[in-house]
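Using the sequences and the accompanying hints, generate a full structural model.
Protein chains in written order, with the numbering used here: chain A, 1 to 276; chain B, 1 to 121; chain C, 1 to 291.
Read the hints as simulated data drawn from the structure, not as lab findings. Misleading hints may appear alongside valid ones.
[Unchecked claim] Sample of chain A residues at the chain C side, in silico, Cβ under 8 angstroms: (1) Leu42; (2) Ile135; (3) Pro187; (4) Ser217.
[Claimed, not checked] Covered by chain A, per the in silico footprint, the following chain C stretches (three or more residues, Cβ under 8 angstroms): (5) 29 to 42; (6) 54 to 66; (7) 167 to 173; (8) 193 to 201; (9) 204 to 211; (10) 231 to 241; (11) 253 to 267.
Each residue gets a CB set at the ideal place from its N, CA and C atoms; glycine is no exception.
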Amino acid sequence: MKIAVLSGKGGTGKTTVSASLAAAVGQCQYIDCDVEEPNGALFLNPRIESETPVYVQIPEVKEDKCDGCGDCARACMFNAIAVVKRKVIIFPELCHHCGACGIACTKNAVYEAPRQTGVIESGDNGMFLQGKLNIGEFITIPVINKLKQMMRNDIPVILDCTPGASCTVVKTISGTDFCVLVTEPTPFGLHDLKIAAALVKKMGIRFGVVINKAMDSDKSIQQYCARHNIAVLMEIPYERRIAENYSRGILPVHMDKTYKEKFIKLFNSIKAGAAS
Amino acid sequence: MVIAISAAGSDMESRMDQRFGRAACFAIIDTETMKYEFLDNAAAAASGGAGISAAQTVADKNVKAVITGNVGPNAGKVLSAAGIEVYYGKDVTVKENAELFKKGSLEKITSSAPRHYGLRG
Amino acid sequence: MKQIVFISGKGGTGKSTLVASLSLLVESKIIADCDVDAPNLHLIIPGERRKAEHYYGAKQALIDPNLCVPCERCKSVCRFDAITEDIRIIPANCEGCGACALVCPQNAISLVDVKTGEAYVDNTNRGTFSHALLDIGEEGSGKLVTKVKENLPEFYNGEAWALIDGSPGIGCTVIASITGADAAVAVCEPTKSGKSDLIRVLGLTRHFGIPAYVCINKYDLNTAIACEIESECEENGFPVIGKIKFEPAIVRALQSLKTPLEAGLTEVACQIENFWEELKKCLTKTEEEIC
Numbered sequence: 001m002k003i004a005v006l007s008g009k010g011g012t013g014k015t016t017v018s019a020s021l022a023a024a025v026g027q028c029q030y031i032d033c034d035v036e037e038p039n040g041a042l043f044l045n046p047r048i049e050s051e052t053p054v055y056v057q058i059p060e061v062k063e064d065k066c067d068g069c070g071d072c073a074r075a076c077m078f079n080a081i082a083v084v085k086r087k088v089i090i091f092p093e094l095c096h097h098c099g100a101c102g103i104a105c106t107k108n109a110v111y112e113a114p115r116q117t118g119v120i121e122s123g124d125n126g127m128f129l130q131g132k133l134n135i136g137e138f139i140t141i142p143v144i145n146k147l148k149q150m151m152r153n154d155i156p157v158i159l160d161c162t163p164g165a166s167c168t169v170v171k172t173i174s175g176t177d178f179c180v181l182v183t184e185p186t187p188f189g190l191h192d193l194k195i196a197a198a199l200v201k202k203m204g205i206r207f208g209v210v211i212n213k214a215m216d217s218d219k220s221i222q223q224y225c226a227r228h229n230i231a232v233l234m235e236i237p238y239e240r241r242i243a244e245n246y247s248r249g250i251l252p253v254h255m256d257k258t259y260k261e262k263f264i265k266l267f268n269s270i271k272a273g274a275a276s
Numbered sequence: 001m002v003i004a005i006s007a008a009g010s011d012m013e014s015r016m017d018q019r020f021g022r023a024a025c026f027a028i029i030d031t032e033t034m035k036y037e038f039l040d041n042a043a044a045a046a047s048g049g050a051g052i053s054a055a056q057t058v059a060d061k062n063v064k065a066v067i068t069g070n071v072g073p074n075a076g077k078v079l080s081a082a083g084i085e086v087y088y089g090k091d092v093t094v095k096e097n098a099e100l101f102k103k104g105s106l107e108k109i110t111s112s113a114p115r116h117y118g119l120r121g
Numbered sequence: 001m002k003q004i005v006f007i008s009g010k011g012g013t014g015k016s017t018l019v020a021s022l023s024l025l026v027e028s029k030i031i032a033d034c035d036v037d038a039p040n041l042h043l044i045i046p047g048e049r050r051k052a053e054h055y056y057g058a059k060q061a062l063i064d065p066n067l068c069v070p071c072e073r074c075k076s077v078c079r080f081d082a083i084t085e086d087i088r089i090i091p092a093n094c095e096g097c098g099a100c101a102l103v104c105p106q107n108a109i110s111l112v113d114v115k116t117g118e119a120y121v122d123n124t125n126r127g128t129f130s131h132a133l134l135d136i137g138e139e140g141s142g143k144l145v146t147k148v149k150e151n152l153p154e155f156y157n158g159e160a161w162a163l164i165d166g167s168p169g170i171g172c173t174v175i176a177s178i179t180g181a182d183a184a185v186a187v188c189e190p191t192k193s194g195k196s197d198l199i200r201v202l203g204l205t206r207h208f209g210i211p212a213y214v215c216i217n218k219y220d221l222n223t224a225i226a227c228e229i230e231s232e233c234e235e236n237g238f239p240v241i242g243k244i245k246f247e248p249a250i251v252r253a254l255q256s257l258k259t260p261l262e263a264g265l266t267e268v269a270c271q272i273e274n275f276w277e278e279l280k281k282c283l284t285k286t287e288e289e290i291c
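So this is what it looks like as structure tokens:
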């Protein structure tokens with residue numbers, strides 16, 4: 001079973017929930033797909049055993065074959081190529097690796113060479129994976145794709161997502177069995193929860209909500225979920241000690257045994273939700 | 001000499017556009033005859049690569065100099081490869097900038113390092 | 001006009017709350033929310049709509065079935081699994097690269113503009129406010145961010161500052177937000193993940209040559225990590241110019257759509273004011289140093 005944890009709004013507790021689930025379940029694979037700012041390792045403390053670079057194909061030009069006609073630049077929809085004074089200048093960070101330039105070239109002057117865009121770190125015998133996008137890179141998708149290629153099929157997989165609802169999140173949650181939407185009881189949390197819910201509904205994936213930092217003073221999330229028949233799978237009450245432990249890299253399941261039971265219960269609810 | 005000036009509008013009385021990559025238009029001017037044409041900047045809508053595309057546009061017009069407010073490193077790379085010199089324009093009209101250029105009153109941008117923030121306000 | 005972008009690396013550090021507070025404090029300013037896939041600022045800064053437009057930020061291949069043979073050449077060159085067995089485009093996968101159009105011997109494929117979001121400009125009681133919303137599941141958030149910023153000059157009225165609320169992360173949305181800014185302010189929290197994410201986002205500002213300053217929010221949540229952040233930032237040329245205390249009352253204020261200033265949280269308000277004064281000082285100093 002593949003479970004994705006997303007939120008819409010940042011800072012609601014995705015990593016807290018995904019890492020706690022992984023820690024409580026034990027025999028599962030945790031994949032940190034927040035390749036821009038991965039944090040799962042800070043809480044799960046895996047023994048990192050290997051690094052796999054992520055490569056993309058970038059065009060390069062055989063100068064002896066190139067006559068500077070500019071067809072490649074005109075074919076590029078992403079402004080990654082300029083041709084001035086019959087010289088080709090390539091901007092690798094803008095390249096979408098589509099191959100259009102090579103197709104447009106009638107002189108056989110364009111070939112492709114690999115360029116590293118990020119890295120996958122693997123730990124605990126492949127039970128922990130995290131992707132890291134190189135700083136300055138625009139496009140996360142190649143790193144996400146590589147991570148998903150390394151997903152196990154024999155044990156539950158928990159995927160931690162980037163905040164938001166952009167194409168990175170879409171790529172991460174695509175093909176999963178269940179999505180856990182983590183939110184907080186604020187107008188910002190509710191607004192972004194609606195966006196995340198619309199996304200998972202559009203993609204046809206079953207989902208449920210976890211309310212983090214829950215407070216008696218604001219029940220707007222519960223009310224929204226009740227109105228829209230969305231299951232609230234768990235509520236984690238706001239507690240300063242949870243926040244303080246979080247700051248030190250300590251998960252609720254590590255600080256308090258009752259939380260381990262709660263997260264196992266959450267996992268069982270997810271299994272039931274995915275099956276129903 | 002043919003020069004390009006980033007412009008906020010498509011006539012000579014328009015203000016110079018401080019941006020290069022996302023300028024609204026480019027004025028292509030022959031400083032000898034003062035004949036001119038205005039090109040819409042199709043690159044303005046791009047996120048990454050606006051500067052590159054804009055640089056390609058002016059390079060295709062065989063300009064020898066660009067007058068603008070600032071030029072990012074990508075655009076700078078393309079302009080430099082094309083042998084095009086870049087000058088800091090003033091916050092006045094396109095026509096006035098062309099005149100200042102002819103008089104030699106404009107300062108050349110000599111490196112493609114990020115411009116000094118705050119200097120131009 | 002000076003453009004200041006507020007970024008964080010990690011989400012939830014308080015960027016939007018800070019920008020909303022500054023919108024009340026700073027007199028001459030224009031505001032923008034560049035967190036286009038999960039924008040929040042408009043919830044706390046209500047206004048009257050001045051401009052609303054559909055944004056067409058992507059291209060998609062369109063196959064004319066009357067011209068299509070089919071020969072499958074398009075499917076063989078598509079690297080995004082966007083063409084089905086029966087030669088139809090899968091819109092969700094189409095990157096808009098045009099490789100298929102280039103190889104089609106029948107000229108049956110064209111690229112059409114696709115709506116990816118909506119951009120708005122509002123008149124608020126604290127100035128012009130530009131924001132946008134990406135359509136659900138769409139790509140091209142970086143381009144929509146650029147649109148949000150491009151909408152500002154049309155309504156510019158001589159304001160001294162542009163306050164830009166950015167998004168979490170370090171990807172194309174954040175890159176599009178910081179490009180062209182005069183300075184970035186990284187709002188961080190004193191937690192292990194906050195520190196780790198801060199370092200990466202500051203690395204991004206350095207990569208693009210944008211001067212960056214740091215504001216530590218909720219600093220007394222963990223003073224040890226707050227100190228670590230401070231020394232590491234100072235050592236690496238990122239001045240820490242603001243510290244705001246951890247205050248649960250801020251959350252209750254936000255639940256009523258009030259900033260700390262409106263909720264009368266005077267200590268926090270004071271810390272925000274001090275931060276702004278420091279930032280102004282730093283930006284004036286930079287100008288003088290260069291001159």
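* Given hint Ile135(A) near chain C, where the shortest CB pair must fall under 8 angstroms -> 5 angstroms, holds
* Coverage criterion applied to the stretch 54 to 66 of chain C (partner chain A; beta-carbon cut 8 angstroms; 3 residues) -> violated (count 1)
* To do: Using 8 angstroms as the Cβ threshold, decide whether Leu42(A) counts as touching chain C.
  => With a minimum Cβ separation of about 5 angstroms from chain C (threshold 8 angstroms), the hint on Leu42(A) holds.
* Mind taking a look at whether chain A covers the stretch 167 to 173 of chain C? Criterion is 3 or more residues with CB to CB distance under 8 angstroms. => n = 7 at 8 angstroms, threshold three: holds.
* Asked: Do at least three Cβ atoms from the stretch 204 to 211 of chain C come closer than 8 angstroms to Cβ atoms of chain A?
  -> holds (count 3)
* Taking the least C-beta to C-beta distance, is Ser217(A) closer than 8 angstroms to chain C? -> 6 angstroms, holds
* Holds or violated: the stretch 253 to 267 of chain C covered by chain A, criterion of 3 or more residues with Cβ-Cβ distance under 8 angstroms? -> Since 3 is at least three, the answer is holds.
* To do: Please count how many residues of the stretch 29 to 42 of chain C have a CB within 8 angstroms of a CB from chain A and say whether that reaches 3.
  => With 4 residues in contact (Cβ-Cβ under 8 angstroms with chain A), the coverage given for the stretch 29 to 42 of chain C holds.
* Cut-off 8 angstroms, beta-carbon criterion: hint that Pro187(A) touches chain C -> 5 angstroms, holds
* Within 8 angstroms of chain A's CB atoms, at least three CB atoms from the stretch 231 to 241 of chain C: coverage verdict -> With 0 residues close enough to chain A, the hint is violated.
* chain A covers the stretch 193 to 201 of chain C, three or more CB atoms within 8 angstroms, holds or violated -> holds (count 6)
Hint violations for this structure: numbers 6 and 10, all remaining hints satisfied.
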